[in-house]
Amino acid sequence: MALVEIRNLTKSFRKGDEVITPLDDVDLDIEQGDFVSLMGPSGTGKSTLLNLVAGIDRPDSGTITVAGTEVTRLSRGRLADWRAAHIGYIFQTHNLIPVLTAYENVELPTLLLPMSGAERRKRVEVALEAVSLTDRADHYPRQLSGGQEQRVGIARSIVANPTVVVADEPTGSLDAETSEQIQVLLGRLNRELNMTMLMVTHDEQVAAIAGRQLRLDRGRVIDANSSSNGQKQRLLAERG
Amino acid sequence: MFRFAPYVFKCLWRHRARTLLTVSGSAVALFVFCFVGSVQDGLERLTENEDAQRTLIVFQENRFCPTSSRLPEDYAGRIQKLSGVKDVMPVQVWTNNCRASLDVIVFNGAAAQKLQTARDLKLTAGNWAGFESRRDAALVGRNVAQRRSLSVGDQFSIGELSVKVVGIFQSPVPAEENLIYTNLQFLQYTQGLDSAGVVTQHEVHLTDDADPDAVARAIDEALRAGPVATTTRRKGAFQASTLADLVDLIGFAHWLGYACVGLVLSLVATTTVMAVQDRIREHAVLQTLGLRPARIFRLVIAESLLMCLVGGSIGTGLALAVLGWSGMSVGAEGATIAFRPSLELGVAGMLVSLVVGALAGVVPAWQAARAQIVAALRQG
Numbered sequence: 001m002a003l004v005e006i007r008n009l010t011k012s013f014r015k016g017d018e019v020i021t022p023l024d025d026v027d028l029d030i031e032q033g034d035f036v037s038l039m040g041p042s043g044t045g046k047s048t049l050l051n052l053v054a055g056i057d058r059p060d061s062g063t064i065t066v067a068g069t070e071v072t073r074l075s076r077g078r079l080a081d082w083r084a085a086h087i088g089y090i091f092q093t094h095n096l097i098p099v100l101t102a103y104e105n106v107e108l109p110t111l112l113l114p115m116s117g118a119e120r121r122k123r124v125e126v127a128l129e130a131v132s133l134t135d136r137a138d139h140y141p142r143q144l145s146g147g148q149e150q151r152v153g154i155a156r157s158i159v160a161n162p163t164v165v166v167a168d169e170p171t172g173s174l175d176a177e178t179s180e181q182i183q184v185l186l187g188r189l190n191r192e193l194n195m196t197m198l199m200v201t202h203d204e205q206v207a208a209i210a211g212r213q214l215r216l217d218r219g220r221v222i223d224a225n226s227s228s229n230g231q232k233q234r235l236l237a238e239r240g
Numbered sequence: 001m002f003r004f005a006p007y008v009f010k011c012l013w014r015h016r017a018r019t020l021l022t023v024s025g026s027a028v029a030l031f032v033f034c035f036v037g038s039v040q041d042g043l044e045r046l047t048e049n050e051d052a053q054r055t056l057i058v059f060q061e062n063r064f065c066p067t068s069s070r071l072p073e074d075y076a077g078r079i080q081k082l083s084g085v086k087d088v089m090p091v092q093v094w095t096n097n098c099r100a101s102l103d104v105i106v107f108n109g110a111a112a113q114k115l116q117t118a119r120d121l122k123l124t125a126g127n128w129a130g131f132e133s134r135r136d137a138a139l140v141g142r143n144v145a146q147r148r149s150l151s152v153g154d155q156f157s158i159g160e161l162s163v164k165v166v167g168i169f170q171s172p173v174p175a176e177e178n179l180i181y182t183n184l185q186f187l188q189y190t191q192g193l194d195s196a197g198v199v200t201q202h203e204v205h206l207t208d209d210a211d212p213d214a215v216a217r218a219i220d221e222a223l224r225a226g227p228v229a230t231t232t233r234r235k236g237a238f239q240a241s242t243l244a245d246l247v248d249l250i251g252f253a254h255w256l257g258y259a260c261v262g263l264v265l266s267l268v269a270t271t272t273v274m275a276v277q278d279r280i281r282e283h284a285v286l287q288t289l290g291l292r293p294a295r296i297f298r299l300v301i302a303e304s305l306l307m308c309l310v311g312g313s314i315g316t317g318l319a320l321a322v323l324g325w326s327g328m329s330v331g332a333e334g335a336t337i338a339f340r341p342s343l344e345l346g347v348a349g350m351l352v353s354l355v356v357g358a359l360a361g362v363v364p365a366w367q368a369a370r371a372q373i374v375a376a377l378r379q380g
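These protein sequence lines map, in sequence, to chains E and B. Taking our numbering, the leading residue of the first sequence gets 1, the next gets one more, and so forth. Taking our numbering, the leading residue of the second sequence gets 1, the next gets one more, and so forth.
Read the hints as simulated data drawn from the structure, not as lab findings. Be a bit skeptical, because a hint or two may be false.
Here are the computed lysine to aspartate or glutamate pairs in the EDC-like style, where the Cα-Cα straight-line distance is at most 16 Å [what the hints assert, rightly or not]:
id: 1; chain 1: B; residue 1: K86; chain 2: B; residue 2: E282
id: 2; chain 1: B; residue 1: K10; chain 2: E; residue 2: E104
id: 3; chain 1: B; residue 1: K81; chain 2: B; residue 2: D194
id: 4; chain 1: B; residue 1: K81; chain 2: B; residue 2: E221
id: 5; chain 1: B; residue 1: K10; chain 2: E; residue 2: D135
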């Protein structure tokens, strides 16, 4: 059984009199440790699929099962608990809480889980170390660069050791150099921590970092895997 | 919940000017609420305490101001003989102002021995011996002493009256603390020789089994044939009637107190709504991280409660301090209402802050908790 199983997933929106169906009877399996990128032009439903997997949106029909839990059947409150324990979310625009320091932002998800203060501190320190921001722990988001903010966002997404990390255009608001640093970081987290990742991007170069590349086309998921394993290894080697 | 306390504090601090204005607005409103409440309490204490219900006041018929009521002092002997009467104390009243005033000075002239038995006065300075030995001696109520900065040994003059302060007293009836007691004869003679043997009113104390209204009727009946007709009422009813104009005003002020509560409610609710609208996206991020809608609801309520409680504590504390320190009172026609701080007033102020804080946060908290995450994340 796959870690994430999506079956017959359909989601429609109403835009005026028109009904748009970005996801139409979608099936998808993601295995433990997979790094999946989801590509496609704007408005094809990439983020919608990501949000459904993350449990922050509801499908019209179909099921999503993550690590044996059928997410689509959970109530709003239980879904929140489930997200706290199983989902790490990396936003395109970082979305750090401006009044909290980097340390406090990373600490937030752990406040929702049963653990001691010492355990919490240790996890936050490890997460900040993983993104090389230990020395910026006391800085507020306004005191950080865009790349540093995104690294804090990544630390926040992994601190609770989630089942799946979802990333919505994680490099979308960054310059080329910083974008490349973030790509390397995400690849490293996937390899070293064996984290399952689902990333939405419209940038093929960014998508190439993932082991499995999918494309959304007219409401259906197509396995694009255009980049061969050799190409991917070369890219990874080039980016350190 | 307390794990998120730093977040709540920091959110309030983020817009500190707005928070400070809301807190100060709540403080001012609760200050007024407590102040108005103390006036209301003062009136209730004056008209509804046991002494006010079991004591009768005999006044000249159809007269209201103490300066116009002139009863023969020897009426006391005739009243004393009636059934149900335990004791009678003739009282001469002098006031510097018959109209409503915030600084009314009221002298009550009474025999020293009667005063000691009829009143539960506790001297905080000076002694009774001084009062009995000096003709112009005066016992000054704590509030008057505070207001006029009087202490034992001072000479106090107002109008044609000049007295020597020989004691400061406190009383379980706060309105008593707005009075100055002198010897009866001193007060009578100060107003001219024609006032000898004349008093303003007789205060009648009843036996335990007496029916106050029946005794009042009996007194008026017995004195109907005398040189001056009388109207006898319970002390509470007499004071309420004397302060009738003020009672209406205080009733209106009572609504002013409620208006202040409404003001705090709208003020805190507006600030909380603004805070929530500023943070629609932030709350969506928190929900994405795993905060339950109920927790978002509580966080918003906590912000609203904190603003209201801090403002309420400051306003209530200030009001109690000012009431305690100033010794303020309002009086008319010789009767006074004392504005005193009390534990009940403090508790009422804090309870109002708590309830208003919670109520003010309900709508914005509901909005924040019910927001659709994806739609909210797209905002801003």
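> Among the hints numbered above, which are violated by the structure, and what are their numbers in rising order?
Replying inline: 1, 3, 5
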